[in-house]
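> Heads up: the sequence lines are chains R and F, in that order. Just so we're aligned: the first sequence equals residues 1 to 370 in the working numbering. Just so we're aligned: the second sequence equals residues 1001 to 1302 in the working numbering.
Quick caveat, the hints were computed from the structure, so don't treat them as lab data. Just so it is clear, CB atoms sit at the ideal spot from N, CA and C, and this is done for glycine as well. Hints are not guaranteed to be accurate.
Unchecked claim - What follows is a list of derived Cβ distance ranges for each label pair: (1) 112/R / 1152/F: 40 to 48 Å; (2) 180/R / 1267/F: 49 to 57 Å; (3) 1191/F / 231/R: 47 to 55 Å.
Said to hold, decoys possible - A partial selection of chain R residues facing chain F, derived with a Cβ cut-off under 8 Å: (4) 72; (5) 121; (6) 156; (7) 216; (8) 219; (9) 223; (10) 294; (11) 327.
To be verified - Only part of the chain R face toward chain F is listed, based on derived beta-carbon distances under 8 Å: (12) 31; (13) 145; (14) 172; (15) 322; (16) 324.
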Amino acid sequence: MDMSMRKGTPLSGPLAGVTLGRPMALSLAVVALAALAPWLVSAYELNLLARFLAMALLAMGLVLVWGQGGVLSLGQGVFFGLGGYAIAMHMKLAALGDGDLPDFMVWSGLDALPWWWVPFKSPLVAILGVVLVPGVVAALFSWAVFRRRVGGVYFALITQALALAFATLLISQQPSTGGFNGLTDFQTVMGVDLGTPAAAHGLYWLTLALVVGVFVALRALMTSRYGTLLRAIRDGENRIRFLGYDPTPFKVVAFTIGAVLAGLAGALFTLHAGVVSPALVGVVPSIEMVIWVAVGGRNSLAGAIAGTLAVNLAKDGVSSAFPDLWLYALGLVFVLVVTLLPGGLAGLVADAGGTTWGRRLKTLIMGEAK
Amino acid sequence: MSEWPLIAGQVFNGFSVASLYVLAALGLALSFGLMRVINMAHGEMLMLGGYLAYLTLQVVPGPLGILAAMPVAFLGAATVGAVLETTLIKRLSARPLDTLLATWGVSLILQQAARNIFGAIGVDVRAPEWLNHAYTVSSGQFAGLTIPATRLFILAVAFAVMGALSLLLARTRIGLLVRAVNQDRGMAAAAGINVRAVDLSVFCLGTGIAGLAGVVLALLGPVTPNVGQSYVVPAFLVVVLGGLGSLKGTAIASLIVGLFSALVQILVDVSLAQVLLLLFVIGFIQFRPQGVVAVRSRALDA
Chain R
1 MDMSMRKGTP LSGPLAGVTL GRPMALSLAV VALAALAPWL VSAYELNLLA RFLAMALLAM
61 GLVLVWGQGG VLSLGQGVFF GLGGYAIAMH MKLAALGDGD LPDFMVWSGL DALPWWWVPF
121 KSPLVAILGV VLVPGVVAAL FSWAVFRRRV GGVYFALITQ ALALAFATLL ISQQPSTGGF
181 NGLTDFQTVM GVDLGTPAAA HGLYWLTLAL VVGVFVALRA LMTSRYGTLL RAIRDGENRI
241 RFLGYDPTPF KVVAFTIGAV LAGLAGALFT LHAGVVSPAL VGVVPSIEMV IWVAVGGRNS
301 LAGAIAGTLA VNLAKDGVSS AFPDLWLYAL GLVFVLVVTL LPGGLAGLVA DAGGTTWGRR
361 LKTLIMGEAK
Chain F
1001 MSEWPLIAGQ VFNGFSVASL YVLAALGLAL SFGLMRVINM AHGEMLMLGG YLAYLTLQVV
1061 PGPLGILAAM PVAFLGAATV GAVLETTLIK RLSARPLDTL LATWGVSLIL QQAARNIFGA
1121 IGVDVRAPEW LNHAYTVSSG QFAGLTIPAT RLFILAVAFA VMGALSLLLA RTRIGLLVRA
1181 VNQDRGMAAA AGINVRAVDL SVFCLGTGIA GLAGVVLALL GPVTPNVGQS YVVPAFLVVV
1241 LGGLGSLKGT AIASLIVGLF SALVQILVDV SLAQVLLLLF VIGFIQFRPQ GVVAVRSRAL
1301 DA
């Protein structure tokens, strides 16, 4: 959406020349409100919001991968898990004295730390690991598949097998991964006591800042030449090939960015929730992540955030009261959104221009179109 | 103690697992070749077949109950397939990835319904007396090798279904229509073939075969609400390996996946075998991205 096409208020001072359109003003208001959340909602609600915002990072990645790139990944949980386990392993190790082992390893009869745990003792390695491990795995995996021009439905099925294999592996390697229970019971991260309200607020703001930063960055990426080509590949890969481009690197880059964001989301989620386990990374959670974006609108970053919040709030509300009902509801949402509302909530807002009331609502939100 | 009985046992296991994958993957591969859609609720057709077998055995308890269950499961699953195709998949046929998501929703609903009706723990289907024994090799190089009769029965069912299906496709008028649509949809429609009817019948046939597979599956273990899930993911990999719309490709790919899993499990545990299978599939498409048997190229089908 081109800002210059919309009526807005010119700013003065150092921002002279920047036009503050209504969408921009609305976004700033939403961010400001979100930043004040620690004083507006209870500690429990703040924690929920923080978790959902962490997940929104992953959802925005899916907008790039699925909405813009046309690559459906049913294995985002894997990258979410890699990020989550990277930070969780560090927190487990940081709480120990020299030569001690995490409690679950002792119970399983392990007498030495597995070699792949050792580097995560260092906070720097852990933070880099959150980003690099999912990134490298995703880059290698997607390159191997895309370079042989295997994509579409095949790619989706392979990513689902990846999610299944990853979750099964985590559960079966109980002595070194914590098995079905995962890793939990963290006290501190980087020397900060996780139990204090100050830590909760700080982590919330960190998450919010990342959401805003990623939103701006992805938006820029989507409007860049790269974004245009990515959409062109989605709509006609062979035409792009005949124009002389190799689509593979474009798709690999998109998938890798999506995985890095998923890893970041997993790490932040682990900090907020205090646990990471195979139940968050398997086949079902991975495909649930796609539905957040489908509900919000697969081509809209704001829609992805809204969809993530909406689906997870609904899940939190419905599944605690009626656990059986939730799966029916989720199944129905899948069917209905995909068949009747492929553009999601964002598509609904965009289409609303068709009716008088809709046009008024849209003008109210988006500003007057010239 | 020689290792031969162990290896031979695993090879045999590989064949019987492969025959289950064949039954599970045939429907997927057929409709994928024809319509380019994957039905994620296909695993639940296996589950449905299993529960229908359980119900049939309540009504027909005798030794022939399991044989009576097979047509029941076939027709039951085919009917559900018909409903699914006409209400959902038909509408989404131009959007294959969306079909995947919508049918996944159906799969969630069916699983939860099974959980509410039959309980989460699962129900047992007891193999009849004539299947409830095993053949043991007592002498020679393979001494100690045990082959359960149920596993032989599964092999026989898979061969019978494969045989019937290839006859149907190669020798009947319906088969001719299916092959025509498979080769060139637009041309077939122009020649007056009712393409929609062909789609629908192939889809029903595929879900019916999955229902049949569910009966066979019920002989191996309890029927649970997510029994289908454990077979359908390898079946998806079979579709990836098999090549578009080819019966032969699906059969060979099932054998590859079944034998690979069984043989790797001699050396590593089940979970690592899954990871290795995935790596194998990714490795395989480096050499044959078009699948085992390529009827048409995958590269330019956009």
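> Each of the hints needs a verdict: does it hold here or not?
Hints versus structure:
1. Here the CB-CB span from residue 112/R to residue 1152/F is close to 47 Å, well matched to the stated 40 to 48 Å.
2. Checked against the hint of 49 to 57 Å, the C-beta distance between residue 180/R and residue 1267/F comes to roughly 24 Å, which is inconsistent with it.
3. Range check, residue 1191/F to residue 231/R: about 37 Å between beta-carbon atoms, so the 47 to 55 Å window is missed.
4. With a least beta-carbon distance of about 5 Å to chain F, the hint placing residue 72/R at the interface is held under the 8 Å criterion.
5. Because the smallest distance between the Cβ of residue 121/R and any Cβ of chain F comes to about 26 Å, over 8 Å, the interface hint for this residue is violated.
6. At a threshold of 8 Å, the smallest CB-CB gap from residue 156/R to chain F is about 6 Å, leaving the interface hint in force.
7. Restraint check, residue 216/R versus chain F: the minimum CB separation of about 28 Å is more than 8 Å; hint violated.
8. This hint is violated: residue 219/R has a C-beta 24 Å from the nearest C-beta of chain F, more than the 8 Å allowed.
9. Hint status for residue 223/R relative to chain F: violated, with the closest Cβ pair at about 24 Å, above 8 Å.
10. The closest approach between the C-beta of residue 294/R and any C-beta of chain F is roughly 6 Å, which is under the 8 Å cut-off, so the hint is satisfied.
11. For residue 327/R, the suggested interface contact is upheld, since its CB lies about 4 Å from the closest CB of chain F, less than 8 Å.
12. Restraint check, residue 31/R versus chain F: the minimum CB separation of about 31 Å is more than 8 Å; hint violated.
13. For residue 145/R, the suggested interface contact is upheld, since its CB lies about 6 Å from the closest CB of chain F, less than 8 Å.
14. Below 8 Å, beta-carbon pairs count as interface contacts, and residue 172/R has one with chain F at about 4 Å; its hint therefore holds.
15. Look at residue 322/R: its Cβ only gets to about 11 Å from chain F, farther than 8 Å, so that hint breaks.
16. The closest approach between the C-beta of residue 324/R and any C-beta of chain F is roughly 6 Å, which is under the 8 Å cut-off, so the hint is satisfied.
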